[in-house]
Amino acid sequence: MALTETDVRGIADYARIALEGDELAQMTSYMNDAVDMLEPILAYNLPDVDPTFHPIGGLSNVMREDVCDSERGLSIDAALDNAGSSRDRYFRVPSILGEGDEA
Amino acid sequence: MANIDTLSARQIASAVASGELSALEVAQAALDAVEAREGEVQAFLQVTPELALAAADRVDAARAAGEALPPLAGVPVAVKDNMNLVGTRTTCASRMLESYESPYTATCVQRMLDAGCVPVGKTNMDEFAFGSSTDTSAFHPTNNPWNTSCVPGGSSGGSAAAVAAGEVPLALGSDTGGSIRQPAALCGVVGMKPTYGAVSRYGVVAFGSSLDQVGPFGRTVEDVALAMDALVTGGHDRCDSTSQEVAPVFAQHLDASIEGRRVGIIPSFMEAEGLSPEVRSAVESAAKALEAAGAELVEVDLPHLDAAIAAYYVIGPAEAFSNLARFDGVRYGYQEPNCRNLADQSSLSRAHGFGAEAKRRQMLGAYLLSSGIYDKYYYAAQKARTLITADYAAAYEKVDVIIMPASPQVAFEHGAISDPTQMYLSDMYTISINIAGNGGMTVPVGLGTDSGMPVAAQLVAPAFKDERLITFGAALERAFASDGAPIMGVAPAFSGKGGELA
Amino acid sequence: MKELTEVLRDWEAVIGLEIHTELTTLDTKMFCGCKLSHDDEPNTNVCPVCLGLPGALPVPNKRAIEYIVKAGLSTNCEIQKHSMFYRKHYFYPDMAKNFQTTQGPVAFAMHGRLDLEVTGRGAAERPECAFGAAEAESLASASAGAVGLSTEMARNLPEHMAHGGTGKDVAQNGSDPESAKTSALAGLSGYDTHGLAVPERHDDGSYTVPIRILRIHMEEDAAKMVHVGGEEGRIGGAAESLIDYNRCGTPLIELVTEPDLRTPEEARLFMEKLRRIFVTLGISDCSMEKGSMRCDGNVSLRRRGETRLGTKTELKNLNSFKALHDGLAYEICRQAEVLEEGGIIYQETRHWEPSRKRTVVMRTKETADDYRFFPDPDLAPFDLTDEFIEHCRSEIPELPDAKRDRYERDFGIKRADAEQIAGDPATAAFFEKAAAGLSGKEAQTVANLVVNELPAYLKSVAATLEDSGLTPEQVTTLAKLLASDAISSNQGHEVFVAMAETGEDPEKIVDERGMRQVSDTGALQPIVDEVLAACADQAQQYRDGNQKVLGFLVGQCMKASRGKGNPKLFNELLRQALS
Chain A
1 MALTETDVRG IADYARIALE GDELAQMTSY MNDAVDMLEP ILAYNLPDVD
51 PTFHPIGGLS NVMREDVCDS ERGLSIDAAL DNAGSSRDRY FRVPSILGEG
101 DEA
Chain B
104 MANIDTLSAR QIASAVASGE LSALEVAQAA LDAVEAREGE VQAFLQVTPE
154 LALAAADRVD AARAAGEALP PLAGVPVAVK DNMNLVGTRT TCASRMLESY
204 ESPYTATCVQ RMLDAGCVPV GKTNMDEFAF GSSTDTSAFH PTNNPWNTSC
254 VPGGSSGGSA AAVAAGEVPL ALGSDTGGSI RQPAALCGVV GMKPTYGAVS
304 RYGVVAFGSS LDQVGPFGRT VEDVALAMDA LVTGGHDRCD STSQEVAPVF
354 AQHLDASIEG RRVGIIPSFM EAEGLSPEVR SAVESAAKAL EAAGAELVEV
404 DLPHLDAAIA AYYVIGPAEA FSNLARFDGV RYGYQEPNCR NLADQSSLSR
454 AHGFGAEAKR RQMLGAYLLS SGIYDKYYYA AQKARTLITA DYAAAYEKVD
504 VIIMPASPQV AFEHGAISDP TQMYLSDMYT ISINIAGNGG MTVPVGLGTD
554 SGMPVAAQLV APAFKDERLI TFGAALERAF ASDGAPIMGV APAFSGKGGE
604 LA
Chain C
606 MKELTEVLRD WEAVIGLEIH TELTTLDTKM FCGCKLSHDD EPNTNVCPVC
656 LGLPGALPVP NKRAIEYIVK AGLSTNCEIQ KHSMFYRKHY FYPDMAKNFQ
706 TTQGPVAFAM HGRLDLEVTG RGAAERPECA FGAAEAESLA SASAGAVGLS
756 TEMARNLPEH MAHGGTGKDV AQNGSDPESA KTSALAGLSG YDTHGLAVPE
806 RHDDGSYTVP IRILRIHMEE DAAKMVHVGG EEGRIGGAAE SLIDYNRCGT
856 PLIELVTEPD LRTPEEARLF MEKLRRIFVT LGISDCSMEK GSMRCDGNVS
906 LRRRGETRLG TKTELKNLNS FKALHDGLAY EICRQAEVLE EGGIIYQETR
956 HWEPSRKRTV VMRTKETADD YRFFPDPDLA PFDLTDEFIE HCRSEIPELP
1006 DAKRDRYERD FGIKRADAEQ IAGDPATAAF FEKAAAGLSG KEAQTVANLV
1056 VNELPAYLKS VAATLEDSGL TPEQVTTLAK LLASDAISSN QGHEVFVAMA
1106 ETGEDPEKIV DERGMRQVSD TGALQPIVDE VLAACADQAQ QYRDGNQKVL
1156 GFLVGQCMKA SRGKGNPKLF NELLRQALS
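Residue numbers (my numbering), protein chains in the order written: chain A, 1 to 103; chain B, 104 to 605; chain C, 606 to 1184.
These are computed hints drawn from the structure, not numbers from a lab.
Don't take each hint at face value.
Claimed, not checked - Computed far set for chain B versus chain C, every beta-carbon distance over 12 Å:
1. T251
2. R434
3. S554
4. S598
What the hints assert, rightly or not - In silico SDA-like links for lysine to any residue, alpha-carbon gap of 25 Å or less:
5. C:K667 - A:D88
6. B:K501 - A:V49
7. B:K501 - A:G58
8. C:K1169 - C:E1109
9. C:K895 - A:R92
10. C:K693 - B:A454
11. C:K640 - A:D7
12. C:K895 - A:L42
13. C:K640 - A:D88
14. C:K829 - A:V49
15. B:K479 - A:R92
16. C:K667 - C:D988
17. C:K829 - A:G84
18. B:K479 - A:G84
19. C:K640 - B:V189
20. C:K829 - A:C68
Just so it is clear, CB atoms sit at the ideal spot from N, CA and C, and this is done for glycine as well.
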């Protein structure tokens, strides 16, 4: 049940990574190699072992008080400076549906 | 007078504190060394003379005003380019962030600055820290100071090379699967990945959030201990939920005795396919040196270690996909021009902003997290993590630290490993420590008998017992060098190039 | 299209709600210290965390966690001690990280229940056949077939990961553990109808119906987008969109009901009841107008007696209680028409257009979205302690239902009035002061003023109770004047407005304006005699059986007394004189 180019295209669409030229073929080959390499992990799906999502020992309930932290706030210039496109005080994106060609 | 590259961080700090050297002289010498050596090493993506000289001025002004100087006042430091520092770009060696100006400063960097360090620049790395060679940097490769046709390792290759070439005495790196310890081994410097949570990750561009940890490079164990003290001073970072309180007492453990303490050896690791004979004999000689210093060698078994690489390449890409999803060209980062709609803008910005390995990891991660796949792979990987962590815990019932290789081989030539899945195996000795979350440190022990390139041993310790790494690392240093000098020192081809202290 | 009540005789509407509430009374966002604000300039309250800048990390707001625990306890949920935050991925620029931090299969609060009292005309929406024990089958089959976030995730995840979801390690609210246990029916192969509470119908046509709550989870709100160049700010046809991240990261709790609702009226009442509870808890301003409380409805139809579920549609833009009712009512009738004509309902999201009174397709859902959920490694798991939960419980004020019952019991006021007063904390506090020590007619008169005069006045001057300057003492005095018939109810209205505007004592207003009603028979009898003499024709008409003319005679008496006579007494005296 190797991944097909169609499968990989679907993942790329989801992950918003356009694959161009022979990238699709290369990516498909890589993905299948990588998945093969990961095969041994399937043996570890053991019913009596709990997964460790957080390697932090027993640390839990980490919270902060509901207090304003104005020091970390960004000025409007600092917020927008790195943006590729902005208008007035807003970040700007092109048409979401785009020239009638729905994505 | 002396060259800046002959001085350790501790020596510089004490010379600045005593007035023997001004911070400005030190900063200028460091910048001079960088200038003279960068052409061949290419360790930096950005050199920051203005920041360095301004920081040095502040140190000198504080001293002139009679203020007490912080512990690393005047010590030049280089920072991996995935760490935010206001006044610098933070590019992660990616086109995606080529012109990204840091809007804030990472906690780890701020703590080095608070300790008096002088920031010299941002170092090269594998793009977004995906790699073990620094060759995947979008801008240029970095050369190994011991042989410039070889890689420095990665992903923190720029930081390791900058220290090995004598450009700076200290550098910060980050380690997700060995990205501090492997380049330290390949460049012949000391590199430490503390326990997950010991150092704040706030402001460090995330790769694998449950694996990433920041740590220092230095030429001596003492310098690494001093840097660790700086990084944990201030305790828990309120900006990082996973950071924990660690006492800044690493330097106090340099001289502790290892007499009667136990050092574990994992036989299967020493016999693993892919381990080069010269690295193996280097690790064996390091173990014998510890034995000669009074420690007892004990064989330990970690039965689930074989799952570590697969677990890592499930967890790492899954978290990387998630962490890198934010790079869509809207708020920051490369934005593809002239797109007719948002979906095209995102897909093309990401396609053209990211390099091949960054795209591969994200694609793999997006697949591994998808419905029906996630529960097979991700759960299995996190269960393997439970077992590997338990293996280490059981081993530490018997021993204080474990010694093992850091990298299976010495530095390889640029381009020698082209297959990405082959490259993944160069992390075979470092990955399990990130999976378990405990700390590890690379200590160089000399030059390989076959290659003449640096060889090293890796020490690993239980979670939040990172001071043992300092103790046993210092013991190794005493065994392989004399009088507190570094084991390896600056790579000979670069020693003394520029950097004269006036 | 057919009328709703007609449709619901043949078809059963299965309705579930997803209600998002911003915790607007907090000072800061969910995972960073940015100020919460609706009114600031765009992108004023932003920091590395809520802008999703590289390297930023989240730290949860403790008071937000307290709020959701309170919300759970107040809706009879089990508080789950063990839970984690998850990442829910979707690429859309209103989420700065392209994932939303939310909860996984285990939410802070799960398996709750609210009982609705459905009275009046709205009660008729549920047909007679939809009551009694047989409804248990309907509830169980609807739950088992429902596909929602948590049921889908529960199926996809190994069971043991749902820490505490099986009933252990939870803090019971104690009120109704039985119903809680039976609520997690989804995913079971057979229906467990045992112990399912069903609607009960009362003699007057009103009924009580229990609505189960699947979960309340904690998440963060998205940024606001402004679509420029399209029609009415809609996304279609927009040339570009602008993003303001001020709202991004606002603490948000999402309540998901079981699909237990069967009529638009029940949906409306559920939302109203929930709003009253949240306002009383002080966790949100719950403004549907401002969007701090938002509701999506899922609705499907099936023939009465059918156990398989029909295809559901999801309704958006239900931005008022009326929109919630009318949107669902329209959609039910639309689906019935399609089905009765042999058509098919497509799984799609539809937008309610209040001005045109119709729903239109927003997007079709051909395949389930794959959000690639996984536990957020940047956030430590939660392991809530008993102390934490008990602390939250101790801070919960008297809730609207309890308050309503107490008002009904202690002040003897009408249940409907008590319910309305108890729903708003400020009004309730005002009422309690105004009615302190009163009972019977006087207390009811206070209630009448608080229910009728007060909101009408506040609306006319666009003020809040607090800003209005009205005091409970004024209302007490006015109520006493009314209850003792010292003034008429028409005069009562005039005095209310006058005392609100001037801040003066109602007694003084009544005296100054000479309004005090004369209720002394001795003083009124001469006026009656005078009027009867002057209006002999009308008096004769009354004696001949024309009852209506009495009103004219009372009016003449009032006129003669210059409005001061007690109209009831005039009425009585006239009847006596003419009998």
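Exercise. When you check the alpha-carbon spacing of C:K1169 and C:E1109, does it fall within 25 Å?
Worked result: Holds, at about 21 Å.
Exercise. Can we trust that B:S598 is non-interface, i.e. its beta-carbon lies farther than 12 Å from all of chain C?
Worked result: 35 Å, holds
Exercise. C:K895 and A:R92: Cα distance at most 25 Å?
Worked result: 24 Å, holds
Exercise. For the pair supplied as a hint, B:K479 and A:G84, is the alpha-carbon distance within the 25 Å limit?
Worked result: 39 Å, violated
Problem set entry | Hint consistency between C:K640 and A:D7 [alpha-carbon to alpha-carbon, up to 25 Å] | 44 Å, violated
For this session: Would you mind confirming whether the straight-line C-alpha gap from C:K640 to A:D88 stays at or under 25 Å?
Result: OK: C:K640 and A:D88 at ~21 Å, within 25 Å.
Exercise. Within 25 Å, alpha carbon to alpha carbon, are C:K829 and A:V49?
Worked result: Violated, at about 43 Å.
Exercise. Would the pair B:K501 and A:G58 pass a check requiring their Cα atoms to be no farther apart than 25 Å?
Worked result: Holds, at roughly 23 Å.
For this session: Could you grab the alpha-carbon distance between C:K667 and C:D988 and see if it respects the 25 Å cut-off?
Result: 13 Å, holds
For this session: Take a quick look at whether C:K829 and A:C68 sit within 25 Å of each other, Cα to Cα.
Result: 21 Å, holds
Exercise. Regarding the pair C:K640 and B:V189, is the alpha-carbon distance no greater than 25 Å?
Worked result: 23 Å, holds
Problem set entry | Pair hint outcome, C:K895 versus A:L42 [Cα-Cα no greater than 25 Å] | 50 Å, violated
Of the numbered hints listed earlier, those contradicted by the structure are 2, 5, 11, 12, 14, 15 and 18.
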